[in-house]
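Top to bottom, those sequences are chains A and B. Residues 1 to 201 in the working numbering are what the first sequence spells out, letter by letter. Residues 1 to 284 in the working numbering are what the second sequence spells out, letter by letter.
Quick caveat, the hints were computed from the structure, so don't treat them as lab data. Here the structure is a predicted model, which means the values were calculated and not measured. The beta-carbon is built from N, C-alpha and C at its ideal position, and this holds for glycine as well. Treat the hints with care, since some could be wrong.
To be verified - Think about it this way: if two alpha-carbon atoms lie no more than 27 Å apart in a straight line, the pair counts; the simulated DSS-like pairs of lysine-lysine are:
1. Lys67/A / Lys164/B
2. Lys50/B / Lys82/A
3. Lys6/A / Lys80/B
4. Lys164/B / Lys82/A
5. Lys164/B / Lys6/A
6. Lys50/B / Lys6/A
7. Lys82/A / Lys80/B
8. Lys10/A / Lys50/B
Claimed, not checked - Computed spacing ranges between beta-carbons, pair by pair:
9. Val175/B / Glu79/A: 31 to 39 Å
10. Thr81/A / Met181/B: 35 to 43 Å
11. Leu221/B / Met43/A: 39 to 47 Å
12. Val67/B / Lys83/A: 20 to 28 Å
13. Glu189/B / Thr81/A: 40 to 48 Å
14. Lys67/A / Leu8/B: 52 to 60 Å
15. Asn51/B / Lys98/A: 43 to 51 Å
16. Tyr49/B / Thr99/A: 18 to 26 Å
17. Lys67/A / Ile121/B: 39 to 47 Å
18. Ile246/B / Lys83/A: 50 to 58 Å
19. Arg79/B / Lys67/A: 17 to 25 Å
20. Leu221/B / Thr81/A: 39 to 47 Å
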Amino acid sequence: MNSIMKTSLKYIAITGLMLSVLLAPNIADAASTVVDDPSLIGMFGINWKLFLAQLINFGIVLFVLWKWVWKPVTSNMEERTKKIEESLINADRITEEKTEFEAWKETEMGKARQEATAIISEAKTQAETVKNDILEKAKLEQQALLEKGARELTQQKEQAIADAKSELADLVVGAAEKLIREKVDKKADQKLISQAMKELN
Amino acid sequence: MIAALPPLAAEPIFAIGQLPITNSYINSTLTMIGFVIFAFFINRAVKAYKNGAPRGLLNFFESILEVLYQYFDTVTQSRKKTIQFLPLVGTLFFFILVSNWLGLFPGIGSIGRYLVHGGEILLVPLFRPATTDLNMTVAMALIAVTVSHFLGIFVIGFFKYFNKFVKVGDLWHAVKSFSPMAILVAIIEFFVGILEIISEVAKLFSLSLRLFGNIFAGEVLLTVLASILPYLLPLPFIGLEIIVAIVQATVFAMLTLVYLTVATTEVASHHSDHPEDLEPTPTV
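Bound-form chain A, shown alone (with noise of 0.2 Å):
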């Protein structure tokens, strides 16, 4: 509607210098008829050159103030008030996310900590059972080295024992053999042998 009232406007200022170009011949030393013109419109001042003199004065200033103030000044304030109702709105939106956001890490946040809370007992159930068979086969190695131990410290006696005996025996024969080889003879000294052997054993 702006461009038809500048249309307007435009056919406005046309119609009134065609009328200044018709009327300017007749009028002869404006400067004393504006006064000395006895008729009513003398009277009152209404000359055409004035008339349209003013009509300019007041056309610059409604196209100034158009293209300068009104136009931009009313189209920022629609578009200030545009932002501000969709920044309004935005916030609206932002506050409801955040809500919700906070709700979802609430709930997110408890999760959390049962399933941290779950971890850890299983942890430390799990650690427990792992200690305790660690400590069971603990003591099975040790009962076990200590069997082991002992087992080894009887079969060293034993055969510290039977090495003895033997050697015991040995020495026996030997002895005996010293003492009796020129008096006995093959078949007793068999019978000896074996005698001392039965009662050594």
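Using the hints provided, position chain B relative to the given structure of chain A.
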């Protein structure tokens, strides 16, 4: 000493070629220059605060604009129309307001040249409010009324607008209906439409003479009071004249707004089946 009453017509101070430069014309030119400067600063402020909060002059101006919007909305019933009519109506309002107030400014009406007038030497004031010159008020009224007619033609279509004044469409429809009552009503309405044309011309006179008469009368009143007792006596009347200036600017602007609104509003047609009514109206 009784100061000379201001004459009805603005007095020429000097002439440029064929154009007499009257004291009113000097005032309106000064006002025009003032408005151009104001517009320049507003425009600069608008560019400066394009994406931010307005400050200073622009803020003040926008607050005034918001008040105007509310008043205009009561007449136009639509914010869109208000913004569309604002350039013309707002300019009229502010130009008339500033011009009226300038008449109360000290020095306007008292600083002048001694010129020969009708054989006497009189003090002719250098400045006289632009709105106390009938040339100016008629120019503004002519712009207001002409723009309202052009807008009406563009918005509701030439035939419909023409039919508001010369109701040939209604008459033709009534004749076609062969109802004597309808024909009689249509003939009466036809003459009412012609009266509307006279009222359109009367708008021009009423707008211009009302403004001129009120402000001029105020000037005369203040001159008379000042010549009776120049101290204190005119003060309350100056206060009244400040209000009169606002009232007259508002009346002129509001009437213009009413004319624009009425011209762009379609009259309820009695015969929407009429083929000429179906001509597309330009969307603006």
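Against the structure, the hints:
1. Lys67/A / Lys164/B: violated, 33 Å
2. Lys50/B / Lys82/A: holds, 14 Å
3. Lys6/A / Lys80/B: The hint holds at about 17 Å.
4. Lys164/B / Lys82/A: violated, 39 Å
5. Lys164/B / Lys6/A: Cα-Cα ~24 Å, so holds.
6. Lys50/B / Lys6/A: holds, 25 Å
7. Lys82/A / Lys80/B: Since the Cα atoms of lysine 82/A and lysine 80/B sit roughly 15 Å apart, the hinted pair holds (cutoff 27 Å).
8. Lys10/A / Lys50/B: violated, 30 Å
9. Val175/B / Glu79/A: 31 to 39 Å: violated, 54 Å
10. Thr81/A / Met181/B: 35 to 43 Å: violated, 53 Å
11. Leu221/B / Met43/A: 39 to 47 Å: With a Cβ separation near 20 Å, leucine 221/B and methionine 43/A fall outside 39 to 47 Å, so the hint is violated.
12. Val67/B / Lys83/A: 20 to 28 Å: This hint holds: roughly 22 Å between Cβ atoms.
13. Glu189/B / Thr81/A: 40 to 48 Å: Because 44 Å falls inside the window, the suggested range holds.
14. Lys67/A / Leu8/B: 52 to 60 Å: Violated - the Cβ-Cβ distance for lysine 67/A and leucine 8/B, about 35 Å, lies outside 52 to 60 Å.
15. Asn51/B / Lys98/A: 43 to 51 Å: violated, 26 Å
16. Tyr49/B / Thr99/A: 18 to 26 Å: violated, 35 Å
17. Lys67/A / Ile121/B: 39 to 47 Å: holds, 45 Å
18. Ile246/B / Lys83/A: 50 to 58 Å: violated, 33 Å
19. Arg79/B / Lys67/A: 17 to 25 Å: Given about 22 Å between the Cβ atoms, the range holds.
20. Leu221/B / Thr81/A: 39 to 47 Å: holds, 44 Å
Of the numbered hints given earlier, the model fails hints 1, 4, 8, 9, 10, 11, 14, 15, 16, 18; all others are met.
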